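Asks: Single-letter residue listing:
Number of protein chains: 2
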Amino acid sequence: MIKKFLMTPGPTQVPPQVLSAMARPIIHHRTGEYSELFARVNENLKYVYQTENDVLSFASSGTGAMESAVINLCSPGDRVLVAACGKFGERWRDLAAAYGLDAEYHEYEYGQPVDPDDIARSLEADPHIKVVFVTHSETSTGVVNDMQAIGAAVEDHDAVLVTDSISGMGSAEIRTDAWQVDVVVAGSQKALMIPPGLAFVSVSDKAWALAEKARLPRFYFDWLKARKGLQQAQPTTAFTPAVSLMVGLDAALGLIREEGLENLFRRHIVMGRACRAAIKGMGLELFSPDDDSSSSVTAVRLPEGIEDGRLRSLTRDRFGVQFAGGQGPVKGKIIRIGHCGYYNYTDIIVAIAALELALKELGHPVELGSGIKAAELIFGEETV
Amino acid sequence: MIKKFLMTPGPTQVPPQVLSAMARPIIHHRTGEYSELFARVNENLKYVYQTENDVLSFASSGTGAMESAVINLCSPGDRVLVAACGKFGERWRDLAAAYGLDAEYHEYEYGQPVDPDDIARSLEADPHIKVVFVTHSETSTGVVNDMQAIGAAVEDHDAVLVTDSISGMGSAEIRTDAWQVDVVVAGSQKALMIPPGLAFVSVSDKAWALAEKARLPRFYFDWLKARKGLQQAQPTTAFTPAVSLMVGLDAALGLIREEGLENLFRRHIVMGRACRAAIKGMGLELFSPDDDSSSSVTAVRLPEGIEDGRLRSLTRDRFGVQFAGGQGPVKGKIIRIGHCGYYNYTDIIVAIAALELALKELGHPVELGSGIKAAELIFGEETV
Chain A
4 MIKKFLMTPG PTQVPPQVLS AMARPIIHHR TGEYSELFAR VNENLKYVYQ
54 TENDVLSFAS SGTGAMESAV INLCSPGDRV LVAACGKFGE RWRDLAAAYG
104 LDAEYHEYEY GQPVDPDDIA RSLEADPHIK VVFVTHSETS TGVVNDMQAI
154 GAAVEDHDAV LVTDSISGMG SAEIRTDAWQ VDVVVAGSQK ALMIPPGLAF
204 VSVSDKAWAL AEKARLPRFY FDWLKARKGL QQAQPTTAFT PAVSLMVGLD
254 AALGLIREEG LENLFRRHIV MGRACRAAIK GMGLELFSPD DDSSSSVTAV
304 RLPEGIEDGR LRSLTRDRFG VQFAGGQGPV KGKIIRIGHC GYYNYTDIIV
354 AIAALELALK ELGHPVELGS GIKAAELIFG EETV
Chain G
4 MIKKFLMTPG PTQVPPQVLS AMARPIIHHR TGEYSELFAR VNENLKYVYQ
54 TENDVLSFAS SGTGAMESAV INLCSPGDRV LVAACGKFGE RWRDLAAAYG
104 LDAEYHEYEY GQPVDPDDIA RSLEADPHIK VVFVTHSETS TGVVNDMQAI
154 GAAVEDHDAV LVTDSISGMG SAEIRTDAWQ VDVVVAGSQK ALMIPPGLAF
204 VSVSDKAWAL AEKARLPRFY FDWLKARKGL QQAQPTTAFT PAVSLMVGLD
254 AALGLIREEG LENLFRRHIV MGRACRAAIK GMGLELFSPD DDSSSSVTAV
304 RLPEGIEDGR LRSLTRDRFG VQFAGGQGPV KGKIIRIGHC GYYNYTDIIV
354 AIAALELALK ELGHPVELGS GIKAAELIFG EETV
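Line by line, the protein sequences give chains A and G. Residue numbering for the first sequence follows the numbering used here, beginning at 4 and increasing consecutively. Residue numbering for the second sequence follows the numbering used here, beginning at 4 and increasing consecutively.
Be careful, since some hints might not be right.
[Claimed, not checked] Straight-line distance between alpha carbons at most 30 Å, and here's what the computed DSSO-like set of lysine-lysine pairs gives:
hint, chain 1, residue 1, chain 2, residue 2
1, A, K216, G, K90
2, A, K336, G, K228
3, G, K7, G, K90
4, G, K216, A, K90
5, A, K228, G, K376
6, A, K90, G, K231
7, G, K334, A, K231
8, G, K228, A, K228
9, A, K228, G, K90
10, G, K376, G, K336
11, A, K90, G, K228
12, G, K336, A, K231
Since the hints were made in silico from the structure, they are not lab data. Small disclaimer: the values here were computed from a predicted structure and weren't measured.
Using the sequences plus the hints, can you model the full thing?
Replies: Right, dumping it as structure tokens:
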């Protein structure tokens, strides 16, 4: 009997309450019943986002909502700034290129954060920059960028600040309004605890002002169409929503409301802390930052002589624990332990045990229990 | 106790086997397990599509896949032809306008089909037309256009033929290859029997040749990215797929395989026939065509003095049966009975009973049982 522990940064584990909600007979989306659910989901999304801005929903992966930010804010040839420190930062660059934008590109090494001062300097030097695109939680490395500092760097300029918080929303705190982040992209399949297929964007007044003038072509991902639906007496979507996923999201947001944001973020911080302690305790080296900012994903350097594919097949097939591998230049060099969403200490303990057992099996000198002990020391102080 | 019968042309009823498949713990999409499922889904989609062409999947509503056809086939200013006979045909017009295409627009009255000869004449007269956009099953009226004749009208020209079969695929037959339909758009929430959130496009060689030269900007809906994923040894998607919906689709396509295409289409034809007989039997007037082409949606003219909202609230709240209203110019003038997907004679009987009961309740002179009797006469000959 294998019990499966999905420890990847998306998709993540889905709570049984959510799975069973999604298994209910489907309802129609142009009904009072659905509008009521949609209104509640919108309110609860604002709660998690910590915003009074509109939060728009799309039936798509997170990339679709990222693209929506590009096409709703920009006109052909617009000057923008992209700051990337990993694979998902590069996606902003690729999106900007696909739409013929004139992008100033800041690139940071995988594993390093974006420097907010670089953004401040660029905006000082070039007042034509209309939009700044930056990743909040860089899923490929575990780095979480300092959106408070980046928000402060942008706020006095005309530029609109857009961030991808797909693996951050609900695990690495982002205070959308307080930190003046104009557009925040999120996805369903990370800390929001439902399967992939929904994506979200919050839009500030500053961003709406730009969106109303933007001239890149768009249709399905048109924010104005989405806002029109939201503003109706019975709120709705422009196009058929992914009804069952919205029903699941409603259940998941209910769980988040019950836990409360403070507990939610604290749980993720403690899990990250325990995970890092365990990795160091078993003699491995961290790739993700060794501080509390890194609460969604813990990235671990593969020890010399251990082959990525063999290690992860072994943890998955024999021990039931699925980790993620590296991407881009760190492919084959790191593994990633996702713990954003429906995770608590039990998952971390199991994940670390599987890693210890698999490394031992592959001949790496690891003292069984050494990582677990370090994690337990953290969880003994604060069980989450 | 209310038992709910969703009789709308999308979302449609989801089989319990599919609901329970989607309630299984989520799996990761970059695994052999998912690739195996995805490969099987792709094969089974080709079976339903009756094609050897690639069928691409997107996490989006059907409109997203319609947009994908526009942006993957066209370059700015391209000459195209749009033939519309209802709300979803108009969507092609709106998409063409959003992307600055130069569209020749054929408009037919709601309830009338597109005339294939008009398309032939336009293509003869204007060899610059690159793409023809037309609806297969017009969900807003119940009209199903003759794609065989339209395919024949286009085949000798350079133009690529694109059709929206979102409410047709799996209920109103479309022989993609035999009828030379280059691009067929489908959605998950109609006869494919799963919740909304997935959309599909098949792409012929002729369409690929055009797609490779098309210059409209695109990213999330890029066909070339999707094909690249499909062609890998372990087939995958460019972006995170809607995993739980794909798991549901796998189960639903299994049911379709079991039934077989011939039975599948026959069942829909007989349901349409029974539904029309019932409507006429109870003294109402059909809005959708009174022939076997109309197998997805039966549209009924509201009798004098019967208010749409009151009628449909009554059938829904008191009798548990949800119908759809009219759209565009026929809003408030018709109701639509959806029977594409997981429906059989029992649903038609219940739907007709609810309609009889509600009309009686609202003071319309209807003989109870008159519609049911007419439907039973059909189902007595052939129970589906």
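Asks: Does each hint hold? Answer for all of them.
Replies: These are the hints, each one checked on the structure:
no.	hint	result
1	K216(A) x K90(G)	holds (28 Å)
2	K336(A) x K228(G)	holds (26 Å)
3	K7(G) x K90(G)	holds (27 Å)
4	K216(G) x K90(A)	holds (28 Å)
5	K228(A) x K376(G)	violated (45 Å)
6	K90(A) x K231(G)	holds (19 Å)
7	K334(G) x K231(A)	holds (20 Å)
8	K228(G) x K228(A)	holds (27 Å)
9	K228(A) x K90(G)	holds (16 Å)
10	K376(G) x K336(G)	holds (25 Å)
11	K90(A) x K228(G)	holds (17 Å)
12	K336(G) x K231(A)	holds (25 Å)
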